[in-house]
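Put chain B on the given structure of chain A with help from the hints.
Number of protein chains: 2
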Amino acid sequence: MVNIDKKDFSKWFNEVLELAEIVDIRYPVKGMPVYMPYGFALLKKLFDKLEKLLNDNKHHQVLFPLLIGDEEFKKEEQHIHGFSQEVFITADNERKLIIRPTSETAMYPILKLWVKSHSQLPFKIHQTCCVYRNETKSTRPLIRGREVYWNEAHTVHETFEDAKLHHKIAVDIYKRFFDSLLISYIVLVRPDHDKFPGAVYTVAFDAVMPDGKILQIGTVHHLGQNFSKAYDFKILTSDNRMDYPHQLCYGISMRALAALISIHGDEKGLIIPTEFSDTLFVIIPILKNETKELVMNYCEKVRKLLEVYGKVEIDLREKSSGEKHYYWELKGVPFRVEIGKNEVESNKLVVKDRLNHKYSILLDEINYELIAKMKETLDQKIKSNAVKNFSSMIKSAKKVEDFEDLSGLAKAGWCENEKCEQFIREKYHVEVRGYDFNYFENKKLANCIVCNSKGYEYYWGKPY
Amino acid sequence: MVNIDKKDFSKWFNEVLELAEIVDIRYPVKGMPVYMPYGFALLKKLFDKLEKLLNDNKHHQVLFPLLIGDEEFKKEEQHIHGFSQEVFITADNERKLIIRPTSETAMYPILKLWVKSHSQLPFKIHQTCCVYRNETKSTRPLIRGREVYWNEAHTVHETFEDAKLHHKIAVDIYKRFFDSLLISYIVLVRPDHDKFPGAVYTVAFDAVMPDGKILQIGTVHHLGQNFSKAYDFKILTSDNRMDYPHQLCYGISMRALAALISIHGDEKGLIIPTEFSDTLFVIIPILKNETKELVMNYCEKVRKLLEVYGKVEIDLREKSSGEKHYYWELKGVPFRVEIGKNEVESNKLVVKDRLNHKYSILLDEINYELIAKMKETLDQKIKSNAVKNFSSMIKSAKKVEDFEDLSGLAKAGWCENEKCEQFIREKYHVEVRGYDFNYFENKKLANCIVCNSKGYEYYWGKPY
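Chains as they are written, first to last, in our numbering: chain A, 2 to 465; chain B, 2 to 465.
A few of these clues could be false.
One copy or two, either will do: identical chains are not told apart, so a pair holds if it fits within one copy or between any two.
[What the hints assert, rightly or not] Simulated pairs of lysine-lysine, BS3-like, Cα-Cα distance not exceeding 27 Å:
(1) Lys312 with Lys50
(2) Lys113 with Lys325
(3) Lys138 with Lys97
(4) Lys349 with Lys445
(5) Lys46 with Lys325
(6) Lys113 with Lys45
Derived by calculation from the structure, the hints in this document are not laboratory data.
Model, not experiment: these values are computed from the prediction.
Chain A with its partners taken away, still in its complex shape:
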């Protein structure tokens, strides 16, 4: 029987990734696991959803090359400062080439050829690809890797305010995405020292992992004119001038999958929201010699009735019924249907959802409303567990000693002086994550927990 203790989260996470066949970490290049069939199908479901949300908001999907010329890469000063230490480098016969660590420097020399006038704005593109960082820190599958699977969006606007408005829209698109995963998160404005290299401001989505550490799962950056100036990218403005446009970029990586797995999973394995599970129902037939045909016919009938609502699998492997239940629980499949002689005779089926809610249903009762209700019940339970866990992970710190063994996020004042943060970081390995994006332009006042001078309410936590 599968019983993976989630108290030791790090061990739990590695075991679940292995047993549920999400990734294989034995690939011989450090920090580059292989996405196995079950893991890749799940990853793809997540990114299909994200792409659809972006496409529905009139972002156009593109694909830019992996390799970036050294000269293009080096144009934005802060950007090169932020990334140059950790890029992979290659070359052709002519020159040094950078393997993209993110695509601003690949895209923007071309965007300036595509976007010439305010009449084309807002201009919105996105791409799903892998980006590469020659990390020297320790790696962890789906969380800190050297090959990062992600979707990155890039937009162009006429003014700082236009871009700022769309920044909020982008945050809302990401909220819809993470809400669909049924996970909890907080949206924070990062402190200046933790901005994206080249950004005016950075807003990030933080989730709290079961070990109390904070995982950044999405970012939305306002780049202002920093990149358009670096690439000499000008457009015709609505008042007939040539000026540098304002840009945004935002991204979500495979960490979204790490968060989904970690936040929902339990000692039996994965728990997948009904929208993202490849298989919705598994039928486990109890086959005995004398009733085999009867039961199989009934299973096929049930399959036909259920498969209009989602994919149905009949598990015919030569394993015990118990083993099959454990297997599909491990895989996180929403509903398991066990069918034996009794069910056939009473024209019933017994359905267990992944959180062990049991339904006894007459065959005639199966209809759209019932299945929708069952899905909703399971998803709401998954969501409410996540919300409960998340709430329990947010507290207020009154004095610096409260940072000792901090698990989750703590609210505390900060004077915005890096020295005060550094003190906490060195003493408790806790850092400022940012302040609530809901108070973007009127930060809540709170005196600094270190120096007691005037400050604002910030969220603090231990990062991944």
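Just chain B, lined up with the frame of chain A:
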């Protein structure tokens, strides 16, 4: 008005790629164009179809890393010989890393950890990704690039015969894919000197481009035990021995899109089969002040009636109706619907398909059967044009002089001696492409066109 002469195919191809916004070749790294929104949407439609065909045949989608350790890359001798001259190289702190030129050497050290027994066979995986070749030859967008977008499948079988049987199934899957693109092709067994490095035999799909040159658009390789031996990959056989399994690999790249564009397109631009066009109908309203509201209401009504059959766009840009027609013809959209006052008054619509077949339809006549028939009519016309062109491009060569200015494929005997082929290659820039896969095990006899000794019927042509 768009009028791109297809007689100069090379110029036509570049102009269509630019005007229809398929790729942007101005990206500053040679041989790596940018996929623009319209081009990427088309590429994605093609690969979604291919992935679906593979998934339906129980291939499981995975994703292996981009970078391959130098030691793993070097294990299969012929393979390294075939690729080592043209790979991009990078490194981390520890060692040299290869940017994948294809994924055998990334996958097979891991496959041997996944596949242990005959009971897991046939084992079938595939992935869509980009592969990289540091080409020194001249590049051409979608045809010969240094970043190749493709899908590669890899399978494992117990015996040579099992693998050979699945090889034929893989060829059939690819036939279904290319048939859905409505293009014509021939399936050839490549001569030994043109096999995939490390393969026992290679079967390839060749299309004939409008300039008479031959484009390889897909390959299916039987690897025998060459790689399993190189990676010491053994399985438990059905007769309880440990033995090296037999493997296949097969792939289709963005050249499929190049073929679709080149074979179907005309002097007005792209022609896209109805299955792969993002937009199925474009409505072009003729808006005059006094009837504007009337016409717009009617357009919305038509949109509602048509959009159950595919995506409908109403083109409201401030351009002349003529310009709009040219634009959507250039983009290859299957059906254009022009609506003005006359149509509203007569409760009609006039539909033109991309090959200028004109339909005058009463609103009440729109139904599933009619639209299906219209799609079929257009697709059949596209297909029959392709078949006609392809047939006209296949001839028989009786004497070597027939290779002078060869356009398309010529059938001629070959003794299978490389010297005879080299003679033709040097004199006429024509090479042996292979023999018909339908005669795999009983090649048709034909005396060598060069030395007149005993030989077999081969197809010859000028390659890209």
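Against which earlier hints does the structure fall short, listed by number upward? 4
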